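Letter by letter, the chains look like this.
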Amino acid sequence: MKNSELDMKLYNYYNKIEMSPKFYTLPKSIAKTNYYKNNKTYILKLSIACMLLLMICTVTFGKNIYMSILEAMAEVHEGVSVAINNDYYAEIEMEYANSNKIKLKVSEFIMDDYNLFLGFKIENNRMEEIRNIKFQDMTITDEYNNLIFCDDKEAYDKYCKENNMRSERITEYSLTNRGYGIEQVKQDGNELEVLYKLCSDGYPKSKELHIQIHTIEAKGEKGETLKLDGIWKMKVNVPKEFYERNYITYQVKDGSDAKYGMHIDNMVVTDTQTVVSYKGNYNIDNITFNNTEEEILDFIDNNRSFYDEIKLKNEKGEIFNTASMTDAFGTYYSKENEQFEGRLPFELTKYDITDKIYLIIIKNGEEKVINLER
Amino acid sequence: MKKLKENTDENDEICYIFEKYMLDMYKVAKSRLYDEEDVYDAIQETGYRLYKNMKKIKQPEKIKIWLLKVLINECNKIYNRKKKEVKLQEKIYEEELKNVNSNYSNEEIEFDFIIKSLNKDDRLIFSLYYGNKLTIKEISKIIGKNENTIKTRMKRAKEYIKDRLEKGEEKYEK
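Heads up: the protein sequence lines correspond to chains P and D, in order. Residues in the first sequence are numbered from 1 upward in steps of one, following our numbering. Residues in the second sequence are numbered from 1 upward in steps of one, following our numbering.
Please keep in mind that the hints were generated in silico from the structure rather than gathered at the bench. Model, not experiment: these values are computed from the prediction. If a hint is listed, it holds; no wrong ones were tucked in.
Below, a list of computed lysine-lysine pairs in the DSS-like style, where the Cα atoms sit at most 30 Å apart: (1) P:253 - P:279; (2) P:363 - D:55; (3) P:9 - D:133; (4) D:77 - P:316.
With the hints as constraints, model all of the structure from the sequences given.
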């Protein structure tokens, strides 16, 4: 079919769309009822109704409506969506790992310095239906035995023993949970799809990922918790575009790095997001460094001393907001350096960068800009 | 602000604008939300915002772009609120049933099903480009994605539609 023929089909398709009659009366009904005055009440009622409906449906069904693993990945934040739109993802060809009548394999994959997304396809050949899958003791290492992910100390010790590794060899990608999330993408009879979203402050450029699972936790037909034991071992050959990835670093060039006590160290832009690193000392009269670290951080959380709002802007005027935070990011107090340090993620990706990027900090209604250049 | 119609008060003017772009808004909202009630709510909310912000709109010739931006935000709010509701999937099937029971030809039903199987962003772009006859530049301003991204998405989605129509293949990188 020629492009022009398809274009004509599409134009005709959209031209034929008809509205039901109630839409034609909508403008007049809004004008007549002075709708906007009652809007707050309407929104409140609608919100309550939606919340109730959501609660009922979640409790009864507990099922997401993502169409695919890729759609679930794209929903993480806008940066990931842009990466997928620019083909920064891979479909993995591999055999199923089969144990205890459950087959597992990795089907979709994204990896950069900060994010690792693994989409799993699961085939359940057991008698009972299962849902809400979780890999209770999943361990992921690479070809150099770097620990990429492990949420369970016992599982890690066991892995080390089985692989003749010293269990003290914990790298920076280690047991400390940098944050991860699970999305149940599909639950259709005996076919399930699950997305694991893992985050780190710096994944290595691994060429192979070795995944090992011994226990799957799931919900049974009556909502009971099941623990299914087996041995599922998978090896993902990481596609070249991921281990040959690079990131782009921006620095403050014009000495404007310090605003509101926040000194910007640098900014790193990857395929899925940007991370701005900063440090600073709070100008806080009633807090001294005799307070505990927790008290200081509580104060920061409550007072948001560095900024009220923060965003990035490129030279085209496009705005990029902060991305969802995990334990890999945020502000912490460095005792060694006696200062606060932090890292903030943003939705800006390599696909939208310009030579200059502006960090806009808004505090008490005032806006200040830090200029970054690569 | 220059009046779009002579000898009308503000209420009539807003009503006129809303009526003028109602079908365009319907096409866009329908590309994002399957449920007619949700589409109605999204458009209704957009109408409220038009009332509230009419005086602030300084370039009336760009009012359609503004309306569509607001509408897309409203659609996204409703979509996100109902994201975990399994009944959304049932609504999709209900909509398909209406098609089957209508006077549409098999070819038209099939085409409609293919369009609905597109990723939500692609459906939105198509409704703005083909349904509202906007340029890529205008679409870029509305949805906040760069023009190259929009062109790439359109190209891939059209290849998918062609494959489905010609070979019945489902390979589609969503």
